[in-house]
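Engineer: Residues per chain, in single letters:
Protein chains: 2
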Amino acid sequence: MQDKLFDFISKYISLSDDEKSTLLSLDIFHSVKKGTTLLKEGQNSKESYFVLKGCIRTYYIIDGEEKTTAFYTEMDALTPHCVLSKAPSEYFISCVEDSFLTVSNSDMEVEINSKFPKFEIMCRKLSEELLAKERFNFDEFKTSSPEQRYLNLLQKRPDLIQRVPQHQLASYLGIKPQSLSRLRARILEKKS
Amino acid sequence: MQDKLFDFISKYISLSDDEKSTLLSLDIFHSVKKGTTLLKEGQNSKESYFVLKGCIRTYYIIDGEEKTTAFYTEMDALTPHCVLSKAPSEYFISCVEDSFLTVSNSDMEVEINSKFPKFEIMCRKLSEELLAKERFNFDEFKTSSPEQRYLNLLQKRPDLIQRVPQHQLASYLGIKPQSLSRLRARILEKKS
DNA sequence: ATAATCCGTTCACTTAAGTTAAGAAATGCG
DNA sequence: CGCATTTCTTAACTTAAGTGAACGGATTAT
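Taken in order, these protein sequences are the chains called A and B.
Per this note's numbering, the first sequence runs over residues 13 to 204.
Per this note's numbering, the second sequence runs over residues 13 to 204.
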């Protein structure tokens, strides 16, 4: 499973065996059970996550209702907003499935980055790439209707629709669960 | 005006006078007239922008209609998706107002980053911060109605509503211009 | 095993956004 | 300056999402 991490890293920089073992010595690999809450609203966490297997989600509680805004699956990285802002978290992070993650601390990252400048380079490339992707996804969201967004998701992340509860998917698509149900029924009708 | 750039940079790293003059020698400062198109769909650009004064926007043309998805104003940085993906651009970038920008080339950035590791650090910090912000904005968008999004914009970027045409604002809010007009009339009614 | 809770779907009704069209106001250009 | 184009608003109508409620089916807890 560690190799998955190294495969991912190799897309950005090349690591020596020495550097690899330094990474492994940090004890960042963790197995997390479905339903576990990794971060709560109001907490001041310094932890970042990288999903090797499984799925985690971020959600807000607004007027007592859960609003899921993002899913992170295999090879997705998440540094919560509160880690950078050093302010209490506005949202929760929880485990959608039994998952295998790397969990790293921002102090630890600062240390590694200063020891291995390579690492700094990887982080820059990765966050630049993720920023561009995030902007693109946001653009797509803005320019399409709920139905188009659902069809788009069906194309791009068909796995999500299988592995995630409908009501979480609904808020991810920016609508209510009932609307998602109706929308799906409408699509099925059209096909026939 | 250059000082504005250095003030911005100083939030992330400290530059020596030597480094400052190296930066200035690169001839990255440009004045751009309102209406100028900086990037066209299909182009393979390597240029990134930083807005010192003015406003630029990204927009798509979908079914012959302009869809504005983002505005970049004072102290905003934009590296277009196509620069990183090295694929033709999916969108246009144009100048909303007469503006003063820095325009930098990705080859130039690679060179600077290798000469000044400090710069690499700044880029990492900046893109991490922007990524967190972008995700937060996306979350807000998903979890609110068009009316809430407009009211939120009124709070957070009141200047935009003044300086940008309504029909561009509308698609930025994910709705049609007619709906924005109606929505504003509705809000005015409520207030009275 | 049974009760309780949660989840997804359906329905009827309300509300708001999309669509089409028309006209007024502002802007740009010859 | 006046004409043309673009932009903004309004209106009537259509379509889709929000709301509240009810129903089975599944999952969880007791």
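Treat the hints with care, as some may be off.
Note that identical chains are pooled: a pair holds if it fits in a single copy or bridges any two copies.
[To be verified] Here are the simulated PhoX-like cross-link-like pairs (lysine-lysine), alpha carbons at most 20 Å apart as the crow flies:
hint, residue 1, residue 2
1, K79, K52
2, K168, K65
3, K32, K46
4, K145, K58
5, K23, K98
6, K137, K127
7, K52, K145
8, K45, K65
9, K188, K154
FYI, nobody ran anything at the bench for these hints, they're computed from the structure.
Keep in mind the model is a prediction, meaning the values are calculated, not measured.
Engineer: One pair to classify: K188 and K154, alpha carbons no more than 20 Å apart. Within, between, both, or neither?
Structural biologist: Result: close both inside a copy and across copies, 17 Å intra and 11 Å inter.
Engineer: One pair to classify: K52 and K145, alpha carbons no more than 20 Å apart. Within, between, both, or neither?
Structural biologist: between (26 Å within a copy, 19 Å between copies)
Engineer: Which holds for K145 with K58 at a C-alpha limit of 20 Å: within a copy, between copies, both or neither?
Structural biologist: between (24 Å within a copy, 17 Å between copies)
Engineer: Up to 20 Å between alpha-carbons, please classify K45 paired with K65: within, between, both or neither.
Structural biologist: Only inside one copy: K45 and K65 sit 12 Å apart there, 50 Å across copies, limit 20 Å.
Engineer: With identical chains, the pair K137 and K127 could be close in the same copy or across copies; at 20 Å between alpha carbons, which is it: within, between, both, or neither?
Structural biologist: both (18 Å within a copy, 17 Å between copies)
Engineer: Cα distance capped at 20 Å. Does K32 pair with K46 within a copy, between copies, both, or neither?
Structural biologist: Cα proximity of K32 and K46: none, with 29 Å in one copy and 51 Å across.
Engineer: Checking K168 and K65: alpha-carbon separation at most 20 Å within a copy, between copies, both or neither?
Structural biologist: Result: close within a single copy only, 18 Å intra versus 38 Å inter.
Engineer: Are the CA atoms of K23 and K98 at most 20 Å apart within a copy, between copies, both, or neither?
Structural biologist: Answer is between; shortest inter-copy Cα gap is 16 Å, intra-copy 30 Å.
Engineer: Between copies, within a copy, both or neither: which fits K79 and K52 at Cα up to 20 Å?
Structural biologist: Classified as within; 14 Å inside a copy, 36 Å across copies.
In this structure, the one hint that does not hold is number 3.
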